[in-house]
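Chains Z, P, S, C, Y, L, U and F supply the protein sequences, listed in that same order.
Be aware that the first sequence starts at 1, since it is given in my numbering, and climbs by one per residue.
Be aware that the second sequence starts at 1, since it is given in my numbering, and climbs by one per residue.
Be aware that the third sequence starts at 1, since it is given in my numbering, and climbs by one per residue.
Be aware that the fourth sequence starts at 1, since it is given in my numbering, and climbs by one per residue.
Be aware that the fifth sequence starts at 1, since it is given in my numbering, and climbs by one per residue.
Be aware that the sixth sequence starts at 1, since it is given in my numbering, and climbs by one per residue.
Be aware that the seventh sequence starts at 1, since it is given in my numbering, and climbs by one per residue.
Be aware that the eighth sequence starts at 1, since it is given in my numbering, and climbs by one per residue.
Derived by calculation from the structure, the hints in this document are not laboratory data.
Check the hints yourself; a few may be wrong.
[To be verified] Pairs of lysine to aspartate or glutamate residues, derived as EDC-like cross-links and limited to a Cα-Cα distance of at most 16 Å, are as follows:
hint: 1; chain 1: P; residue 1: K14; chain 2: F; residue 2: D22
hint: 2; chain 1: F; residue 1: K18; chain 2: L; residue 2: E335
hint: 3; chain 1: Y; residue 1: K5; chain 2: C; residue 2: D30
[Unchecked claim] Listed below are several chain Y residues computed to face chain L (Cβ distance under 8 Å; list not exhaustive):
hint: 4; residue: S86
hint: 5; residue: Y136
hint: 6; residue: S219
From a predicted model like this one, the values you see are computed outputs, not experimental measurements.
Where is the CB? At the ideal position from N, CA and C, for every residue including glycine.
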Amino acid sequence: MAKVRGAIVVDTEKCKGCEVCTVACPTSVIAMTKEVNGKGYHYAYMENPEACTGCTNCSIVCPDGVITVYRVKI
Amino acid sequence: MAKVRGAIVVDTEKCKGCEVCTVACPTSVIAMTKEVNGKGYHYAYMENPEACTGCTNCSIVCPDGVITVYRVKI
Amino acid sequence: MTEEIIIAGFGGQGVLSMGKILAYSGIMQDQEVSWMPSYGPEMRGGTANVTVILSDERISSPILTEFDTAIILNQQSMDKFEKGVKKGGLLLYDPNGIIHHPTRTDIDIYTINGAELAAEMGNPKIFNMIVLGAFLKIKPIVKLDNVIKGLKKSLPERYHNLIPLNQSAIEKGMQMVKAK
Amino acid sequence: MTEEIIIAGFGGQGVLSMGKILAYSGIMQDQEVSWMPSYGPEMRGGTANVTVILSDERISSPILTEFDTAIILNQQSMDKFEKGVKKGGLLLYDPNGIIHHPTRTDIDIYTINGAELAAEMGNPKIFNMIVLGAFLKIKPIVKLDNVIKGLKKSLPERYHNLIPLNQSAIEKGMQMVKAK
Amino acid sequence: MGELKLMKGNEAVAEAMIREGVDGYFGYPITPQSEVIEYLTTEEPHKRTGMVVLQAESELAAINMLYGAAGTGKKVATSSSSPGISLKQEGISYIAGSELPCVIINVVRGGPGLGTIQPSQADYFQATKGGGHGDYHLYVLAPSSVQEMADFVEDAFEMAFKYRTPVMILSDGVIGQMMEKVELKPQKKRLTDAEVIKKYGSWATVGRVGGRERNIITSLDLDSHKMEAHNIHLQSKYEQMKKEDVRYEELQTEDAEYIIVAYGSSARISQKVIQLARKDGIKLGVLRPITLFPFPEKPIQELAKRVKGFLAVEMSAGQMVEDVKLAVNGKVKVEHYGRNGGIVPTPGEVYEALKQKIIGG
Amino acid sequence: MGELKLMKGNEAVAEAMIREGVDGYFGYPITPQSEVIEYLTTEEPHKRTGMVVLQAESELAAINMLYGAAGTGKKVATSSSSPGISLKQEGISYIAGSELPCVIINVVRGGPGLGTIQPSQADYFQATKGGGHGDYHLYVLAPSSVQEMADFVEDAFEMAFKYRTPVMILSDGVIGQMMEKVELKPQKKRLTDAEVIKKYGSWATVGRVGGRERNIITSLDLDSHKMEAHNIHLQSKYEQMKKEDVRYEELQTEDAEYIIVAYGSSARISQKVIQLARKDGIKLGVLRPITLFPFPEKPIQELAKRVKGFLAVEMSAGQMVEDVKLAVNGKVKVEHYGRNGGIVPTPGEVYEALKQKIIGG
Amino acid sequence: MEIKDIIKPENLVYQKTKMMTDNTLSYCPGCGHGTTHRLVMEVVEELGIVEDTIGIAPVGCSVLAYEFMNVDMTQAAHGRAPAVATGIIRTWPDKIVFTYQGDGDLAAIGTSETIHACNRGENIVIIFVNNGIYGMTGGQMAPTTLPGMKSSTTPYGRDVALMGNPLKITELVAQLPGTYFVTRHAVHSPAHVRKTKKAIKKAFQNVIDKKGTQFIEVVSNCNSGWKMTPVKSNEWMVENMFPFYPLGDMKVDGKIVKDLH
Amino acid sequence: MEIKDIIKPENLVYQKTKMMTDNTLSYCPGCGHGTTHRLVMEVVEELGIVEDTIGIAPVGCSVLAYEFMNVDMTQAAHGRAPAVATGIIRTWPDKIVFTYQGDGDLAAIGTSETIHACNRGENIVIIFVNNGIYGMTGGQMAPTTLPGMKSSTTPYGRDVALMGNPLKITELVAQLPGTYFVTRHAVHSPAHVRKTKKAIKKAFQNVIDKKGTQFIEVVSNCNSGWKMTPVKSNEWMVENMFPFYPLGDMKVDGKIVKDLH
Ligand SMILES: Cc1ncc(C[n+]2csc(CCOP(=O)(O)OP(=O)(O)O)c2C)c(N)n1
Ligand SMILES: Cc1ncc(C[n+]2csc(CCOP(=O)(O)OP(=O)(O)O)c2C)c(N)n1
Ligand code: SF4
Ligand code: SF4
Ligand code: SF4
Ligand code: SF4
Ligand code: SF4
Ligand code: SF4
Ligand SMILES: [Mg+2]
Ligand SMILES: [Mg+2]
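With these hints in hand, go ahead and build the complete structure from the sequences.
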């Protein structure tokens, strides 16, 4: 019964697959891809996009600042 | 009524006339000469030799260590 | 004989130790050898490479701009070193993660699915040994004996139990290498 | 004309400022001048000296080993500089505290009882001006006017009231100097 | 004629800094140059011009304060003497590498180590060849009088900003401690912050004023090719200095058969040797390098074509003599005469050396 | 043949220190030489030989720890790379002035300033002319292989104690980082404290053992005459080094018409140029200075009598070339070829330079 | 609701500040330097001080901070950032000057410059990233390396008998009269990031108000040096670093607010 | 009784220790350096450690300490004495090593070496003569110069707004785990001399017992720098220096015994 929905956009080429965001996400939205990016890193993506509340936790802990967060009240 | 008598010997050529010993002497034994030594300093001497108790105060504060103290019980 | 080799890939791929084993193998057969790594913070998360020379003569410069062999393990290294292979030289690469495959026609090009095979063998750490095997199949510049001796020399005593595993990885690489 | 002078004595005797006034006086009469002190910790409690040169030409070295005039104010300086006076040169000294008087016969020797006179005049600070006066009496290389002008230049404004006192000290020195 | 004063070299250079409109001085006491900071703190230039004077906790801190301030386009200077200058070598190399304009004064004393506080010229190599690491040079001015201690402040800053390079005034204990008469220049206006931004804002770190691209002061480049290009650029500045800004003085060289090359205090002494020699009918001249880097190579080459020999006179075991030799390049004899440990040679002994090593030899 | 190992230059020099029986190492990490201290702390030589290894808080502290320990007659060393060596200049000048035996390793990187971590030879002036203040020199050894990185440890200490002088091993990022095979010498016994006292107790500060007169380690003398005498003594040591301990290697110089002078990594590269040139019928030889101070002046002078030209090859903008010129003294042409910023020249480009600057020019 | 309906400019709630450049950070995956950089830049943006801000990059992993922070920056010699900052603030007293330094830089080679700049109360912000190791040069011991902690120069663990105890430099500078705000934080979790940012903002505001030296320690990870994954290293940090380097304010508004012994 | 009857060898109660050389001290009249030198040498004599003692002279007025103290001595570069001592004690762990340093040397240029040697707990004695000024070079401001105090570089008095407050380095090192005994004394009066000597003796004994770093501050005068007569300067010291630098133990047997804030 979420009152808000959120979504994140990961700059996949700049993500370094550190997984700090996954730990920070209170609703376990994020996982790492199987594939690697040009730098050889698995990168973050929304595995459970519905669970995202747009709380920005992931984005503010992301050391590389590669997550952009959107939120909308519903 | 001193039970001890003391005396000091000043290495006059090395005395720098700082007067630290005069201040330290509890019985006002020491004064500075009018003449100067080879370095141009007035130097310490016993002005009131009878008052000396050989307490070593003057010698232990003398920065140049030029005072030798003798003491005898009487 | 002089063989000038560059091995280049990601930091964690065992590039440097592969070079070291090769160099040690050279020593085991009384050759002159040199091993020159890229070094410093550029390695951080980025690429690592090492230049290995085996020769019957005194080696002058350990730093090269042209190579008899390039062993390439990621795209950045491909971009950087494909052009450095001498005419008629060898380029061996693992196609995993390679988007732009080599295009030169004046050199011999081989591939080895090292990452895949290592995963199959259940141990990503032997990746570099598979690649080494592939290389030695194409250019048997050092004998397998000497490689094993080299391994012994370069590994601390407590890891010597891993030598058979490494040997089988090398042999796997020898089997699976493919001309492109 | 070039006059090369050393002034040497204890730290507190005003050696450096005497030299400075002399140098300023030279400037007042459009001469080239140099003033070079001994410096550093050796001055601590020990001797101080200054070499002053007044000349009509560009001065080469401000550091001298021979002097036209030596003005000597303590025994150590006597020991050190008597021999440096040029043949026919001048040695002026204050006999107070001097045990070994100068022995040379090829130079002019004068004395000035500066310390005594200063004490008499009730101001030990003017000691060096008395000595300066004595020197200028023997070698009037700078005019008294210029000395006064020099004094004005070298003293901060707030001390200008002291100039008459200094002038009378100089004059005293001029009167009291004696050939030895 | 401007204002005439009797001043120590150390005081003159300090007063000249104030009048030059210098923005900041960062220093640490050391004999024989402590009068520089003592003069400045006594004069309180922050009241006269707004100039900042700070006694740092060490020479190391001082040179890095200089680095910071110089990177903002401010006119800044430091001074020290030999051991303190050695401590500054890393910083100096950074300043040269980052191309920052500033002035460093070395009032040289005898070394090596703690050595002596007496005058010396034994820091020539350090000053001219680069005591710090890497390929760089300072523009080095060598005053030989109190007047030049004052005058070279302006010249030093002119070169510092012309080339965006650290400039060294290489003096010694004689020049620093002696008093001579000196004619001081009138006070220049210190640039306002806005003027600094306007003049140097294109490269200086003054904040991204007006939202411009950021400026960076650095000597680092992990890309060797860029680093090489940077080095080539630095070298080109040194070449330009050699073309445009060599300075020297020639004394009676027109008819000279022998030449003494000497700078700073040694040049003053050598000047007297001319008189001694000419009295004996020996045609001696003196070439005094005023810039030690760039070294007056050309005029020495020219002289080498027509004279019989050179004597390099330095208060050192023989340092500048190498540059004289490099310039003469084997054409005629080059010898060295020097004193060490704080001893200043006399004209007489220099003349003797000339006769023995060059004329007789 | 001794034990053969594949080692980095940095590791080899570290292992050689242990085997030499060195008593102490004081260092601070810096690329490209951090492997020296990493190897030492991993090997735990205090267990093998009793050798002490300490990571200092800075290079400044490290060089002064070295100074303290060297003053007691212990065999001690430090290592760093260019910026760190600049920070040590004051300390090095003290060590030279106080005549203490010790070894300083510089694994040179590109400068100036923070520069680059890649190899360079641009600290030649600093090493050979004296980056610190005052007249002093280091005895400077330039290894050109991992084997020499190891071997020169023994040689360096031999010279350090022979002359009571700091010795520098001037290496570079190539030699430090590359692995080659190296034959290690057997372990020497470290001197016991009693042996140190016996051997060096006449001058070293080890306590007034047996109530002897006190020993003093100092570089200070306020008396200029004594200081000058001390300087003359130092210079006499340098003269003795020039007579007795110059080292160099000549490659195919017997019939050579052209000579490349190069040391360290550059010498290895130049060696390849001989092959290229001789293939074209050009008689090229290489003279490799092994000691940079004392510089092999004599052999170059000899060669200058019969060859047509010299090319100095260095990874710098041109530093050693000055010493080559000083030796050649105008007899024949001397030119310089160098790369900067961490770039190592290829044999091909050196050959091109030789043709253009010397043979064609 | 579909993702693409959420991802619309009007719904944007967080994106990397424009005060960070577009250059890819040179740091290892998960390294706290990146987060700390960003917080400083967010504060500069929010306070609207970009035209007056000058940063000093150290020698250490963050040597290239000038490639990432979109402000004027000077790269200082190892340990000398506080002196460099002093040179700037003294000649430009109205500028906002900050240093950004690692623990090797600030507490080993730079100890003297740190202590004296703080003691003089230079009006600057010092951001001190303490990861207990020399990250840049390959994980050697730092003055802040914990007892028993492994590094490439203490491969068997830091032996305090030989190397001394870790240096709590922040506790020391808090006691100098020149410091005004001294505090210790971390950036491994969202809550900590928020607190750290608040502290940084306060520090910059204090400098705008000319209050003297502001000293912010950020206890951080060094995955490469510690040889752990980023997530593991953050856990290790919480368990091992925080007990030794407890988070929180030490000095606020010029007053010590905590027992520092 | 006549004087000559008193002055007989058998009546001798005090004479300068043989551990001081016969060279005339280079210090100004009344300077506390002389007294402090003597106390150190008396302790060395009394403990019978001359064969094992190595001293480090600083750069400062006491640079020539090696001319006066009759022990093996090394003259260190300005501020580096603790590093020099470290080099010695590490390679000769059984020797007795002490440094003798002024306030400029120890607390300005040498801050880093001081802090780190103390933090490592090097087994050495540090004798720290704090006269609030740079005596040697002519009386410039030191880190320990009092607020408002005149020196040749603060001719109108130290302005703390510009130069910071005096640095209480001894209070800082007392807080480092490596220090074992940290104390502050003076040598201007017989009673103080006696106390100081006791402290020095305890420090040397602690080093013999391998307890770590011993740090003894001696607050002293600098007549030349302060421009006062020796007697006046001692009075001034009591009135002005002691309130700021209170005498007494700070740390004994490794435990802090005083509030140091
Ligand atoms: C004078 C000098 N010494 C040493 C170095 C090598 N060096 C570069 S970074 C560094 C340590 C950095 O550690 P820290 O300050 O903790 O930063 P981190 O990388 O951990 O963020 C060292 C020793 C140098 N560049 N300059
Ligand atoms: C690197 C260096 N910087 C500066 C100096 C000059 N110097 C000599 S002693 C001294 C200050 C000494 O003051 P302090 O340590 O307080 O000793 P004090 O003379 O007061 O006993 C200075 C700055 C020097 N010799 N070396
Ligand atoms: S925190 Fe950032 S860099 Fe790390 S995995 Fe998540 S998105 Fe990628
Ligand atoms: S915004 Fe919040 S809920 Fe959404 S992915 Fe990030 S941390 Fe998870
Ligand atoms: S204390 Fe010593 S030096 Fe001073 S006056 Fe007395 S005897 Fe002379
Ligand atoms: S021994 Fe005591 S009583 Fe005698 S002179 Fe000295 S202080 Fe005075
Ligand atoms: S080495 Fe450590 S501090 Fe440096 S970027 Fe990597 S994780 Fe960060
Ligand atoms: S200058 Fe000061 S510290 Fe130095 S000897 Fe004189 S009184 Fe003592
Ligand atoms: Mg760190
Ligand atoms: Mg002092």
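Okay, the hints, checked on the actual structure:
no. : hint             : result
1   : P:K14 <-> F:D22  : holds (10 Å)
2   : F:K18 <-> L:E335 : violated (64 Å)
3   : Y:K5 <-> C:D30   : holds (12 Å)
4   : S86              : holds (4 Å)
5   : Y136             : holds (4 Å)
6   : S219             : holds (2 Å)
When held up to the earlier numbered hints, the structure conflicts with hint 2 and nothing else.
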